[in-house]
Amino acid sequence: MKADVLFMPLRELGALLKSREILPVELAELYLERIERVGPKYNAVVTVMREHGLSQARRAEGEIAAGNYRGPLHGIPYGAKDLLATAGAPTTWGAAPYKEQRFGFDATVIRRLEDAGAVLVAKLAMIELAGGMGYRQPTASFTGPCVNPWDSNAWTGGSSSGSGAAVCSGLVPFAVGSETWGSILSPAGYCGLAGLRPTYGRVSRHGAMALCWTLDKLGPLASTADDCGLVLGAMAGRDAEDPTSSARPYRYDAAPRATFRFGVIPNVTDGCEGAVAENFKRSLDVLRKIGTVEDVTLPDLPYEQITRIILQVEAASAFEDLIESGGIAGLTAPEDRITPYARDAILAKDYLKAMRLRGVMAREIDRVLSRYDALVAPGRINEAPVLGREFRSAISATAKDIMGAVGNGAGLPAVCVPNGFGARALPTSIQFMGRAWGENTILAAARAYQSLTDWHTRHPDLP
Amino acid sequence: MSEPAKPDAEADALFEIVRQRYGDRLTQEEKDEIRKIVRAQVEAARALRPVRLTNADEPFQTFAPYRAEP
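Just so you know, the protein sequences line up as chains A and B, in that order. One gets my numbering by counting positions in the first sequence from 1 and adding 78 to each. One gets my numbering by counting positions in the second sequence from 1 and adding 6 to each.
The hints are simulated quantities; they were obtained by calculation from the structure and are not laboratory data. Yeah, the Cβ is synthetic: ideal placement off N, Cα and C, and Gly gets one too. It is possible that some hints are incorrect.
[Unchecked claim] Think about it this way: if two alpha-carbon atoms lie no more than 27 angstroms apart in a straight line, the pair counts; the simulated DSSO-like pairs of lysine-lysine are:
| hint | chain 1 | residue 1 | chain 2 | residue 2 |
| --- | --- | --- | --- | --- |
| 1 | B | 42 | A | 427 |
| 2 | B | 12 | A | 478 |
| 3 | B | 42 | A | 478 |
| 4 | B | 42 | B | 12 |
| 5 | B | 37 | B | 12 |
| 6 | B | 12 | A | 427 |
| 7 | B | 37 | A | 427 |
| 8 | A | 478 | A | 427 |
[Said to hold, decoys possible] Covered by chain B, per the in silico footprint, the following chain A stretches (three or more residues, Cβ under 8 angstroms):
| hint | stretch |
| --- | --- |
| 9 | 384-391 |
| 10 | 416-429 |
| 11 | 437-451 |
[Claimed, not checked] Chain B residues, not near chain A, derived (Cβ > 10 angstroms throughout):
| hint | residue |
| --- | --- |
| 12 | 12 |
| 13 | 13 |
| 14 | 14 |
| 15 | 15 |
| 16 | 67 |
| 17 | 71 |
| 18 | 73 |
| 19 | 74 |
| 20 | 76 |
Next up, chain B with everything else stripped away, as it sits in the complex (with noise of 0.2 angstroms):
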């Protein structure tokens, strides 16, 4: 038998706005499922937190204004 997770704030709030928008579509063990994707995704989230970044590091992502020619 697993041991049950422990609470975490964080990811039960996140868990909220999904079964808010969603909820009525999914069944409870459906929700238990994506209760714990959501976890995951916050503890990948906070791996990437700790790694400080400067002003100057831009997103990785080119932007560039567009008009249409001519």
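Bound conformation, chain A alone (with noise of 0.2 angstroms):
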């Protein structure tokens, strides 16, 4: 059962679950072992959840031989970046200072996959506090760098490191992780996996680390763009203690679509590696066969300064307390431990100005949305970074992220799926991005693309 098993697309596990072919505890077993043999390797998981997860596998087995089936998640095991609250176990969010630190509730999102009937098997690792202190190196947790599967030299991306590696490497089957800015897509780009950004306000952030009010999402990483629908269609929905959550009601509809048109920033290659342009034209050439491909100018704008300017006034005042204690010289990268002192010299006129200038951004992104299915791009401009190395200097492609900026900045979804490998062998990805409220539409337009390759069925050498 193993091998075939553990890279099984949630909907065919969750029709052997169904028919009992497959029983939730034994699959649980698997994934447990799994992640506590094969986990410290990658440096993945934080807390091994293995009394919480056989209890809930146990509730879902006799739900099922009842004949209460809750759904295609239903006895499917998962993991969570450890920046979401769960009763009865830390929530570390990656840093030092925070690593005994507990909730006694659970966020809104653990509870939802709860009433789907998934099993928490695993809090997963992540860079320190998601990220937002400037970190540049991969080491920036306080348990260790994660390693990529596909190459033990090789980073998984970040923030949702974990969350990246666990899905890579067979400890479970999905994961949820976060994004502000890139830190679901570049573990997925650089695992290759599927990972979805929903839009801003999709799902709710209530008992999630908060680490920029107005840029914050959670989101799922799988095998595929469909497993990516089903997590997102039991995890999104309004919630009373996120008021920022969307009254908008969200049904994943895995329908197929028989054509698309697609948008392509001219040029949105400049900058990344050889590989990485060479695959997305090849999957440009793959797109066609779907659809139609235009190129698209966006208005010029400071698309970036726009969205990392309200990051890092956000992130600086979400942990005000720790900074200015100095607490922040117990974090694990030293560039994190002072590069947060510097945005005290951001003006407040200048934040107020980059939020207008959002608003500017949010109308003329969604203007030219309106014509396109998805605009795409290269889901990373590299493959996975060294590791031991600072990556923002490191790296050899110099292109800058617009779509990153524009897409979070705009709080728009988007999705990433892998379309080869790169010179290193490690995956590269392009991402499908869409008008707000607009996953199905860039769902369908991945799993068309999906339908059409095999990148998805590759999976590096498991231990």
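Using the hints, put the two standalone chains together into the complex.
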């Protein structure tokens, strides 16, 4: 059973659980054994939730046997980035000053996944404070750098590092991560996974560590775009505990679409590594089989500066106590111990200018996106960075991240999926970014792409 | 050998705020690093300033009055 099951799409795994060909407890045991034996090899796990997971699995087993099937996630194990509050276990935020921190409640997404019958088996490693203190190196976590299962000398990306490593190495079928700017798409892209950044407000942030109140999103990492849709369907929805969560209903629609309109920013591969550019070009050829691909010019705005100033100011405010008390001296990465002090020097007027320009940006990009189903671009500009180096200065590519700045600044959904391998035999990726609340459209596009390619069926050699 | 950065009075003034608040915790090397970060922040802010906005362009953030129910 083992090799077949570890990377099985959630829909197929759910069908086996529903038909009782696989039982939730044996499935949880399978993954827990790997979490305990293999997890340390990748620094992927902070807390193993063995008793909690087996308890949920036993309950799922009884319910399914009694005919009370909750849906496609019923009995499926998963891991959660360790910035989500879980009663009965530490929630460390990846940071030494918080390694004993506990909350007496579950984050809303944890409760919703429990309601869907999913089985929480691990709290997963992450970059300290979700990378908001200005980190530049993979070691910026009190649990150490997450090792990429494709190459023990490569990083997983971050800040949802453990979420990437765990799914990629078959420790869990899916994981929950978070993105303020790049923290889902980066580990998904570097690990050869599907990663979905939902529209801001689609998923409640209640119980999640706040880094930037107007930028933080929670979303899944899994093997396929369809998996991501199934998980989002369980996570999404209005939550009275999070006033920024949207009342717009969400129901995952997996119906195929016949054709799509894709937009591409000209020269979007400038600064990308050669293999990334080549793979993207080949991906566009695939997309032309399912739709049209047109060049799109974005209005000239300082996109990266807008989003960066908002991020820097909100993160400094969210961790004001830690910074002003000098508690950041307890963080792991040297740059995280000093960079936040500089943010006292950002003027309130400049922050508000960024917030005003954000409205201009949001309206302009929606006007552009209204003509397309998705903008497409490489998911990452490079293959996974090497461990032991500062990735921001060490990477050979120098491309700007316009898609990340616009997508996160305007709160837009994006999904990335693998699209090949690079010169170091590490995964590369393509991202589909859509209009606000357009998750079903970009997921349909990513599913269509995956139906014509087999990159998502490749996995690293497993210990 | 890299060329010394040109003087930037605005960045230097803003760095002085940081130095006044936290200087006693920082080594000279850390202060030099923070000075560079402040300069980058100022350059980011300068990129925003030429973009003209109208009086109607509000911050893209909703404020709602609060009243506990019932």
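### Query
With d taken as the least Cβ-Cβ distance between residue 13 of chain B and chain A, does d exceed 10 angstroms?
Non-interface label stands for residue 13 of chain B: nearest chain A Cβ at 16 angstroms, farther than 10 angstroms.
### Query
For residue 71 of chain B, is the shortest beta carbon distance to chain A beyond 10 angstroms?
Fine: 12 angstroms to the nearest Cβ keeps residue 71 of chain B off the interface.
### Query
Hey, residue 12 of chain B versus residue 478 of chain A, does the alpha-carbon distance stay inside 27 angstroms?
Within the cut-off at roughly 25 angstroms; holds.
### Task
Would you check the hint for residue 37 of chain B and residue 12 of chain B, treating anything up to 27 angstroms between C-alpha atoms as holding?
Answer holds: residue 37 of chain B to residue 12 of chain B is near 17 angstroms, not above 27 angstroms.
### Query
Has the stretch 384-391 of chain A got at least three residues whose CB is nearer than 8 angstroms to a CB belonging to chain B?
That given contact holds, which follows from 4 residues of the stretch 384-391 of chain A lying within Cβ reach (below 8 angstroms) of chain B.
### Query
Would you say residue 14 of chain B is clear of chain A, with no C-beta pair closer than or equal to 10 angstroms?
holds (12 angstroms)
### Query
In terms of Cβ atoms, is chain A entirely out of 10 angstroms range of residue 76 of chain B?
Fine: 15 angstroms to the nearest Cβ keeps residue 76 of chain B off the interface.
### Message
So residue 73 of chain B supposedly isn't at the interface. Is its beta-carbon more than 10 angstroms from every beta-carbon in chain A?
### Response
holds (13 angstroms)
#### Entry: Assertion that residue 74 of chain B lies outside the chain A interface [Cβ separation over 10 angstroms]
Nearest chain A Cβ is 13 angstroms from residue 74 of chain B, so the label holds.
### Query
Since residue 67 of chain B was said not to touch the interface, does its Cβ keep a gap of more than 10 angstroms from each Cβ of chain A?
Its Cβ does come within 10 angstroms of chain A, the nearest being 6 angstroms, so this is violated.
### Message
So is the stretch 437-451 of chain A in contact with chain B by the C-beta rule, three or more residues under 8 angstroms, or is the coverage claim wrong?
### Response
holds (count 3)
### Message
Can you confirm whether the C-alpha distance between residue 42 of chain B and residue 478 of chain A stays at or below 27 angstroms?
### Response
Judged against 27 angstroms, a Cα distance of about 20 angstroms means the pair holds.
Of the numbered hints given earlier, the model fails hint 16 alone.
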